[in-house]
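If you want the building blocks of each chain, they are given just below.
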Amino acid sequence: DVKVTQSSRYLVKRTGEKVFLECVQDMDHENMFWYRQDPGLGLRLIYFSYDVKMKEKGDIPEGYSVSREKKERFSLILESASTNQTSMYLCASSLGFAGYVGPQHFGDGTRLSIL
Amino acid sequence: AQSVTQLGSHVSVSEGALVLLRCNYSSSVPPYLFWYVQYPNQGLQLLLKYTSAATLVKGINGFEAEFKKSETSFHLTKPSAHMSDAAEYFCAVRPLIYNQGGKLIFGQGTELSVKP
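Here the protein sequences line up with chains A and B, keeping their order.
At position 75 of the first sequence the residue is numbered 59 (our numbering), and the sequence of numbers has no breaks.
Offset between the second sequence (1-based) and our numbering: plus 191.
Any given hint might turn out to be false.
Stated by the list, open to error - Taking CB as the label site, the calculated pair distances span:
1) Thr246(B) to Gly0(A): 46 to 54 Å
2) Glu6(A) to Pro307(B): 23 to 31 Å
3) Leu198(B) to Glu56(A): 37 to 45 Å
4) Glu46(A) to Glu206(B): 26 to 34 Å
Unchecked claim - Among the chain A residues that face chain B by a calculated CB cut under 8 Å, a handful are:
5) Tyr34
6) Val36
7) Gly47
8) Leu74
9) Phe81
10) Gly83
11) Gln88
12) Phe90
13) Gly91
Claimed, not checked - Computed list of lysine-lysine pairs in DSS-like fashion (alpha-carbon distance at most 25 Å, straight line):
14) Lys55(A) to Lys(-13)(A)
15) Lys54(A) to Lys37(A)
16) Lys240(B) to Lys(-13)(A)
17) Lys249(B) to Lys260(B)
18) Lys260(B) to Lys(-13)(A)
19) Lys39(A) to Lys54(A)
Keep in mind the hints are simulated off the structure, nothing from the lab.
Keep in mind the model is a prediction, meaning the values are calculated, not measured.
Note that the Cβ used here is the ideal one computed from N, Cα and C, for glycine as well.
This is chain B alone, in the form it adopts within the complex:
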């Protein structure tokens, strides 16, 4: 079965520091990949998506992610953290085989804290 692993349930960075949130997937066929962000008491908002075009994907709020097939990874980065980036981040994969409806498989989430 396909799975998604997010390394680190909590990540803390200082304001202005690099943000790196890790995501690895297991799949024999490169899937579509997504990062979502969830602010307190809200639903999930799409940050960015990889759909087999460019391997470096730019999203909203200055975030980007790089698809590395050899490492089965899709890590999320941002050069300089803002206080407003504090939220929970979810990596998700959409298998491309036998997937009517486009179901997603989510990682467990990483809570990002930003210190002043």
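So here's chain A without its partners, still in its complex pose:
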């Protein structure tokens, strides 16, 4: 089974802090994604990556950046945390090669609170 591991289940940070959320997958997947989930809004894509060092903006990239230095690890960075970034953050990965893209597999999420 695919395992997507997010480093923290719960995290509390202060306004203005730089926050790192880490995600690791163990299936050699090419594609990795960061979403935030808010009640009534479903999941919204922040950033995704289809290869090492490659990144693409999603629908709501403002206030966030990402890093993918190794294939298995995809980090989400809140440059200067604000209270409106309090949310559930979900990481996902999928297989992608030669035109084939597999279904996305999700981690258990990080519930982030910014005080």
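Add chain B to chain A, keeping to what the hints say.
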């Protein structure tokens, strides 16, 4: 822009009753379609997927969904609800055009409650 609409943010059924969760998509080209389930304090788990093969797709836990191109729908059903089915359900589409990386577009989610 492509979108996904889930009708009903909350659905309540009795144990043993039919479960019907509605999903409509907007796309000129039939996309790939997915249903995910999220149990409390967990990530999303894939229930089933439609990838242009059979229009009736069977998934895990007794769920199935039917792709209807004429209605642009992909409704999720289960003949008999169990208490363990209580969760939030998300419909998602994966556009097949200009979609490097296989991005998904999610609906807003439907929370299913099951009454004893």
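Okay, the hints, checked on the actual structure:
no.: 1; hint: Thr246(B) to Gly0(A): 46 to 54 Å; result: holds (52 Å)
no.: 2; hint: Glu6(A) to Pro307(B): 23 to 31 Å; result: violated (41 Å)
no.: 3; hint: Leu198(B) to Glu56(A): 37 to 45 Å; result: holds (39 Å)
no.: 4; hint: Glu46(A) to Glu206(B): 26 to 34 Å; result: violated (44 Å)
no.: 5; hint: Tyr34; result: holds (4 Å)
no.: 6; hint: Val36; result: violated (13 Å)
no.: 7; hint: Gly47; result: violated (20 Å)
no.: 8; hint: Leu74; result: holds (6 Å)
no.: 9; hint: Phe81; result: violated (11 Å)
no.: 10; hint: Gly83; result: violated (10 Å)
no.: 11; hint: Gln88; result: holds (6 Å)
no.: 12; hint: Phe90; result: holds (4 Å)
no.: 13; hint: Gly91; result: holds (5 Å)
no.: 14; hint: Lys55(A) to Lys(-13)(A); result: holds (14 Å)
no.: 15; hint: Lys54(A) to Lys37(A); result: holds (8 Å)
no.: 16; hint: Lys240(B) to Lys(-13)(A); result: holds (19 Å)
no.: 17; hint: Lys249(B) to Lys260(B); result: holds (18 Å)
no.: 18; hint: Lys260(B) to Lys(-13)(A); result: violated (34 Å)
no.: 19; hint: Lys39(A) to Lys54(A); result: holds (13 Å)
Violated hints, listed in ascending order, are 2, 4, 6, 7, 9, 10 and 18; each of the other numbered hints is respected by the structure.
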